[in-house]
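So the sequences go chain by chain: A and B. Take the first sequence: its position 132, counted from the start at 1, is 131 in numbering that gives the first Met the number 0, and no numbers get skipped. Take the second sequence: its position 24, counted from the start at 1, is 23 in numbering that gives the first Met the number 0, and no numbers get skipped.
Please note that the accuracy of each hint is not assured.
The calculated DSS-like cross-link candidates involving lysine-lysine, where the alpha carbons are at most 27 Å apart (straight line), are [what the hints assert, rightly or not]:
(1) B/111 x A/71
(2) A/34 x B/47
(3) A/150 x A/77
(4) A/77 x B/47
(5) B/47 x A/47
(6) A/9 x A/67
(7) A/126 x A/67
(8) A/150 x A/34
(9) A/126 x B/62
(10) A/126 x A/9
(11) B/47 x B/62
(12) A/71 x B/109
(13) A/77 x A/67
(14) A/70 x B/107
(15) A/34 x A/67
(16) B/47 x A/70
(17) A/126 x A/71
(18) B/86 x A/126
(19) A/150 x A/117
(20) A/126 x A/47
(21) A/126 x B/47
(22) B/62 x A/9
(23) A/71 x B/50
(24) A/71 x A/117
(25) A/47 x A/67
(26) A/77 x B/86
(27) B/62 x B/50
(28) A/70 x B/62
Treat the hints as calculated values from the structure; they're not laboratory data.
Listed below are the residues making up each chain.
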Amino acid sequence: MSDHGQRIDKMSIRFERLLPGPIERVWAYLTEPEKRAEWFAGGVTEMKTGGRAEFIFNHSALTTPDDKPPKKFEAFNKEMRFEGEVLEVDPPRLLVWGGDDGDDYIETRFELESRGDKVLLTLTETKLSSPSRVIGNAAGWHAHLELLSAKLAGETPAPFWATHARLGEEYEARWGAA
Amino acid sequence: MHSAGLDHTLLALADPTRRAIIARLEAGEARVTDIAEPFSISLNSVSKHIKLLERADLVRRRKVGREHFLSFNAAPLDEAARWIEEKRAFWTSRLDALEQALLEDDAKRKRKRK
Numbered sequence: 000m001s002d003h004g005q006r007i008d009k010m011s012i013r014f015e016r017l018l019p020g021p022i023e024r025v026w027a028y029l030t031e032p033e034k035r036a037e038w039f040a041g042g043v044t045e046m047k048t049g050g051r052a053e054f055i056f057n058h059s060a061l062t063t064p065d066d067k068p069p070k071k072f073e074a075f076n077k078e079m080r081f082e083g084e085v086l087e088v089d090p091p092r093l094l095v096w097g098g099d100d101g102d103d104y105i106e107t108r109f110e111l112e113s114r115g116d117k118v119l120l121t122l123t124e125t126k127l128s129s130p131s132r133v134i135g136n137a138a139g140w141h142a143h144l145e146l147l148s149a150k151l152a153g154e155t156p157a158p159f160w161a162t163h164a165r166l167g168e169e170y171e172a173r174w175g176a177a
Numbered sequence: 000m001h002s003a004g005l006d007h008t009l010l011a012l013a014d015p016t017r018r019a020i021i022a023r024l025e026a027g028e029a030r031v032t033d034i035a036e037p038f039s040i041s042l043n044s045v046s047k048h049i050k051l052l053e054r055a056d057l058v059r060r061r062k063v064g065r066e067h068f069l070s071f072n073a074a075p076l077d078e079a080a081r082w083i084e085e086k087r088a089f090w091t092s093r094l095d096a097l098e099q100a101l102l103e104d105d106a107k108r109k110r111k112r113k
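Work out the full structure, taking the sequences as your base and the hints as a guide.
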């Protein structure tokens with residue numbers, strides 16, 4: 000299993016992570032605001048199809064004070080709130096977020112499966128609207144999943160922004176325009 | 000006096016995420032995807048904020064082929080600033096009058112005591 004995301008078609012990416020279980024614990028990290036805020040974004044997820052999915056990001060809280068964002072993200076390195084929609088939910092195995100923007104109908108699908116005392120997380124993001132979105136979201140999800148893996152394993156994660164920048168270059172090298 | 004423009008401006012500004020988007024656009028034009036870039040979420044979630052900023056005419060959209068470029072437009076801030084300045088001036092003059100009345104009252108009392 001590669002840590003890097005796979006490009007399953009032109010506009011879709013997939014990540015797999017084998018995480019310490021049990022499955023309910025990993026599910027809590029996907030759905031409970033305080034736990035999810037530790038690796039991605041806080042916010043309440045309404046557990047029904049068509050429910051509200053709130054995302055409260057605070058990237059500065061994900062890392063150490065000396066780990067600065069790139070200049071283009073500086074304005075966004077504090078609390079930022081967004082709202083999406085729950086497309087499918089089946090605790091503790093399946094959660095899908097999405098939203099339609101005309102040009103972009105992204106779907107973010109989390110699937111969990113017990114594997115002994117571990118849990119296989121499969122994250123699939125489909126219908127991204129452009130090649131730069133594919134690379135940007137791959138770097139973003141990879142960096143967030145590094146935090147999740149470290150939290151669940153009780154380890155100290157590497158600084159978020161430094162990891163994000165390194166991964167951005169790696170995905171650009173893999174998938175960027177030749 | 001009612002102005003839908005002022006309602007839209009104040010509503011658009013009454014949110015830290017939208018103010019951060021304005022701060023980003025002050026640095027120059029950006030696409031919706033540039034604004035969404037650090038957040039792995041759907042563009043739709045970002046577009047909800049952009050639409051409120053566009054309704055207030057604080058953000059303008061320029062289409063080049065499939066790309067949409069967003070820029071900041073400061074003009075609606077003039078109306079908001081004018082409204083705030085009018086209220087500020089009105090209340091400052093009222094408070095000046097109140098201060099004057101109190102000072103006069105104070106002086107009267109002092110004269111009586113003598």
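Hint consistency between residue 62 of chain B and residue 50 of chain B [alpha-carbon to alpha-carbon, up to 27 Å]: The hint holds at about 15 Å.
Restraint status (C-alpha distance of residue 47 of chain B to residue 47 of chain A at most 27 Å): Holds: residue 47 of chain B and residue 47 of chain A sit about 21 Å apart, inside 27 Å.
Hinted pair residue 47 of chain A and residue 67 of chain A, Cα distance within 27 Å: violated (37 Å)
Pair hint outcome, residue 126 of chain A versus residue 62 of chain B [Cα-Cα no greater than 27 Å]: Holds, at roughly 21 Å.
Given hint residue 67 of chain A paired with residue 34 of chain A - CA-CA distance at most 27 Å: holds (23 Å)
Distance restraint between residue 34 of chain A and residue 47 of chain B, which requires alpha-carbon spacing of 27 Å or less: Holds, because 26 Å separates the two Cα atoms, which is no more than 27 Å.
Pair hint outcome, residue 86 of chain B versus residue 126 of chain A [Cα-Cα no greater than 27 Å]: violated (50 Å)
Restraint status (C-alpha distance of residue 71 of chain A to residue 117 of chain A at most 27 Å): Violated, at roughly 38 Å.
Satisfaction of hint between residue 71 of chain A and residue 126 of chain A, Cα-Cα up to 27 Å: holds (25 Å)
Restraint status (C-alpha distance of residue 70 of chain A to residue 107 of chain B at most 27 Å): violated (63 Å)
Pair hint outcome, residue 111 of chain B versus residue 71 of chain A [Cα-Cα no greater than 27 Å]: Status violated; Cα separation ~69 Å.
Hinted pair residue 126 of chain A and residue 47 of chain B, Cα distance within 27 Å: holds (19 Å)
Figure legend: structure checked against the earlier numbered hints; hints not met, in rising order: 1, 6, 7, 12, 14, 18, 24, 25 and 26.
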